[in-house]
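Peer 1: Here is how the chains run, residue by residue.
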Amino acid sequence: MTTSILVENATKMFTIHYHRTLKQKAVAMARRDTLKEHFLAIDDVSFKVEQGESIGLMGLNGAGKSTLLKMVIGVMKPDAGSVRTRGRMAGLIATGAGFHPQLTGRENIFLNAAVLGMGEAETKRKLDDIIGFADVGKFLDTQVGHYSSGMHARLGFAVAIHVDSDIFIIDEGLAVGDKRFRQKCAQKLEEIRVEGRTIFHVSHSEAAIRRMCDRALVLERGRLVFDGEVEEGIAFLNKGAELDPAFTEDELGADI
Amino acid sequence: MTSLAAPAQPELVEPSAHGLHEVFRRRYLLRLLVRRELNARFSGSLLGMIWSYINPAVQIFVYWFVFGVIMDMQRTENFPVHIFSGMVVIHFFTQTFNAGTQSIVRNKQLVTKLPLPREMFPVASMLVSLFHMFPPMLMLAVVCVAYGWTPDPVGVVAGLLAVVLMAVLGTSLALVFSVANVLFRDFGQVVTILTSVVRFSVPMIYPYTLVDDRFGAEMVGAYLTNPLSTAVLLMHRCFWSGTTNNPQETLQTHFPDHLFERAGLAILASLLLLVFAQIFFSRFEKRMPEHL
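From first to last, the protein sequence lines stand for chains A and B. Numbering-wise, this note's numbering puts 149 at position 149 of the first sequence, and it's gapless, one number per residue. Numbering-wise, this note's numbering puts 244 at position 244 of the second sequence, and it's gapless, one number per residue.
Incorrect hints may have been included.
Taking lysine-lysine and the PhoX-like style, the derived pairs with C-alpha atoms no more than 25 Å apart in a straight line are [stated by the list, open to error]:
#, chain 1, residue 1, chain 2, residue 2
1, A, Lys138, A, Lys188
2, A, Lys138, A, Lys126
3, B, Lys286, A, Lys179
4, B, Lys108, A, Lys48
5, A, Lys77, B, Lys108
6, A, Lys184, A, Lys126
7, A, Lys77, A, Lys48
8, A, Lys36, A, Lys23
9, A, Lys77, A, Lys36
10, A, Lys179, A, Lys124
11, A, Lys77, B, Lys286
12, A, Lys179, A, Lys138
13, B, Lys108, A, Lys36
14, A, Lys184, A, Lys124
15, A, Lys184, A, Lys138
Coverage of chain B stretches by chain A, computed from C-beta distances (three or more under 8 Å per stretch; other residues unrestricted) [claimed, not checked]:
#, segment
16, 31-37
17, 112-118
18, 223-230
Anything over 12 Å on all C-beta distances counts as not near chain B; from chain A, calculated [to be verified]:
#, residue
19, Val27
20, Arg31
21, Ser82
22, Gly137
23, Phe139
24, Asp171
25, Ala186
26, Ile192
For the record, the hints were derived by calculation from the structure and aren't laboratory data. All values derive from a computational prediction rather than experimental measurement. Ideal Cβ positions, reconstructed from N, Cα and C, are used throughout, including at glycine.
This is chain A alone, in the form it adopts within the complex:
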């Protein structure tokens, strides 16, 4: 087995500055108020993901999921410890980021594909698939600024989902588009899973984690508090939380 993602004692500290300008700082200092505070967004987290594994990262809001995700994809560096990955990474992160409203859908496909690490030849080869998947019809050569929010999201998804990679990242908030599009996404993700690519899935949706993942990680205030079976992980996360059984996930609207 080969290791796909290796996180060793990763720690990330943030500083909260309570005052922005020099004047505010001077006033606060005179009053002996605290000027800034540190907090650990990620606190000594270690785990290892093997190639082909499908991992679900869960945790309450503010537990550090996004920070950990950013370190895994390389947007942030840990202050201590290390995060290393093997092979190309892609996925449903920041879909549609960098779309320029004044460029057409087609131009934006090329730009976004390049941002996600695709070359010109690769983009051209997959162009038909991407266009077919996005299904924006005659609006393909219209400025993206005129798109409906659903079309905008579909175009972003279509590009992101077609990038070849060894590690596929899924950030939460997959609930875009109508039911038909969501089914199409779920189907595509299933293909990716079967292909044996490593999946790193960050989500609040228990149903999505159940369906996609074979291992769960739970973060709590920056610490990794659970690493194991999906069902146990979900139970661990819900332990202590008093949930009203009247609101099932279905009614609240799950991802995908």
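Since chain A is already given, all that's left is putting chain B on it; use the hints.
Peer 2: Frame of chain A; chain B shown alone:
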């Protein structure tokens, strides 16, 4: 799940790649980013790219009218060419510096979410400014031909050196200030002021000989260490000197000695600055995401 897999293997690497060499490796993306800026700039306007000719034309007219006609600076031959040849490169520099400084903050959507080499954005700003320099450069050449100018090889080399110098210096400063601007937005304001002062620090709206007259030889030495002055003089060598009545005499009296040696030194110094800028950028870059 307990794993019995082998320990970390050599291909495991830190997920992000940075540095100017990485920007060069991903030049296809760089090309698209530059094209995005160029296409988006005039989209929705009827005249489109024509605006990039109208803007410098109006500027050259205003400078000529105010300094050439109202203030009647007769001591300099072909004053519009004198101003405009300098202004073309200075404008390229200030655009690179200004837009480059803002580039990371403006692209924060990409910077905070995707692992791109962040040097990409200041470099793209420089290339966009470079493209925007071509229309005014072309207009300058047309005006010069009207004054009876024929390009000479040494002049062309001088012009190219001026552009290279401004590109390297502009990129270096853009790298440093783009990071600084993320940490403290004050730096954006500083750069705005700096770039407006810059156009008066170079022999553009006044002749180089005036510095000598007013401040004496020692001050000229200090004045000429400014690489921007060197760039403007190189542009004068390229365009303006050839339009004067007696180009040989102009070269003797209106230019400092060893212009090309100065240019070479300035370029070397700028390259060195670029290395430092890269080190500075890498050092402070990791603090970027939490400030955006």
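Peer 1: Next, verify each hint and record whether it holds.
Peer 2: Hints versus structure:
Between lysine 138/A and lysine 188/A, the direct Cα distance comes to roughly 24 Å. Compliance with the 25 Å bound is thereby established for this hinted pair. With a C-alpha separation of about 19 Å, the suggested pairing of lysine 138/A with lysine 126/A holds against the 25 Å cut-off. With a CA separation close to 40 Å, the supplied pair lysine 286/B and lysine 179/A exceeds the 25 Å bound. Distance hint between lysine 108/B and lysine 48/A is unfulfilled; the C-alpha atoms sit about 30 Å from each other, more than 25 Å.
Of the supplied pair hints, the one linking lysine 77/A and lysine 108/B holds, its CA atoms being roughly 17 Å apart against a limit of 25 Å. Taking the CA atoms of lysine 184/A and lysine 126/A, the gap is near 17 Å; set against the 25 Å cutoff, the hint holds. Straight-line distance between C-alpha atoms of lysine 77/A and lysine 48/A comes to about 17 Å, which keeps the hinted pair within the 25 Å bound. For the proposed pair lysine 36/A and lysine 23/A, the alpha carbon gap of about 15 Å is at most 25 Å, so the pair holds.
A threshold of 25 Å between alpha carbons decides the hint, and for lysine 77/A with lysine 36/A the separation of about 21 Å falls inside it, so the pair holds. For the proposed pair lysine 179/A and lysine 124/A, the alpha carbon gap of about 28 Å is over 25 Å, so the pair is violated. A C-alpha spacing of about 6 Å is found between lysine 77/A and lysine 286/B, which places the hinted pair at or below 25 Å, so the restraint holds. The hinted pair formed by lysine 179/A and lysine 138/A meets the criterion: a straight-line CA distance of about 21 Å does not exceed 25 Å.
This hinted pair checks out: lysine 108/B and lysine 36/A have alpha carbons roughly 24 Å apart, not beyond 25 Å. The hinted pair formed by lysine 184/A and lysine 124/A meets the criterion: a straight-line CA distance of about 22 Å does not exceed 25 Å. Taking the CA atoms of lysine 184/A and lysine 138/A, the gap is near 20 Å; set against the 25 Å cutoff, the hint holds. Counting residues of the segment 31-37 of chain B whose beta carbon lies closer than 8 Å to any beta carbon of chain A gives 3, which reaches the threshold of three, so the coverage claim holds.
With 5 residues having a beta carbon nearer than 8 Å to a beta carbon of chain A, the segment 112-118 of chain B meets the requirement of three or more and the stated coverage holds. Under the rule that three or more residues need a Cβ within less than 8 Å of chain A, the assignment of the segment 223-230 of chain B is violated, with 0 such residues. For valine 27/A, the condition that its CB be more than 12 Å from all CB atoms of chain B holds, with the nearest at approximately 19 Å. With a closest Cβ-Cβ approach of about 23 Å to chain B, arginine 31/A is found to remain outside the 12 Å limit, as its non-interface label requires.
Chain B draws serine 82/A into its interface by the beta-carbon criterion, the shortest separation being 7 Å against a cut-off of 12 Å. Every CB of chain B lies more than 12 Å from the CB of glycine 137/A, the least distance being 22 Å, so the non-interface label holds. With a cut of 12 Å on Cβ distances, phenylalanine 139/A stays outside the contact zone with chain B, its closest approach being about 17 Å. In this structure aspartate 171/A is not separated from chain B by more than 12 Å, as the shortest Cβ-Cβ distance comes to only about 9 Å.
For alanine 186/A, the condition that its CB be more than 12 Å from all CB atoms of chain B holds, with the nearest at approximately 23 Å. The claim that isoleucine 192/A lies off the interface holds: its Cβ sits roughly 19 Å from the closest Cβ of chain B, which is beyond the 12 Å cut-off.
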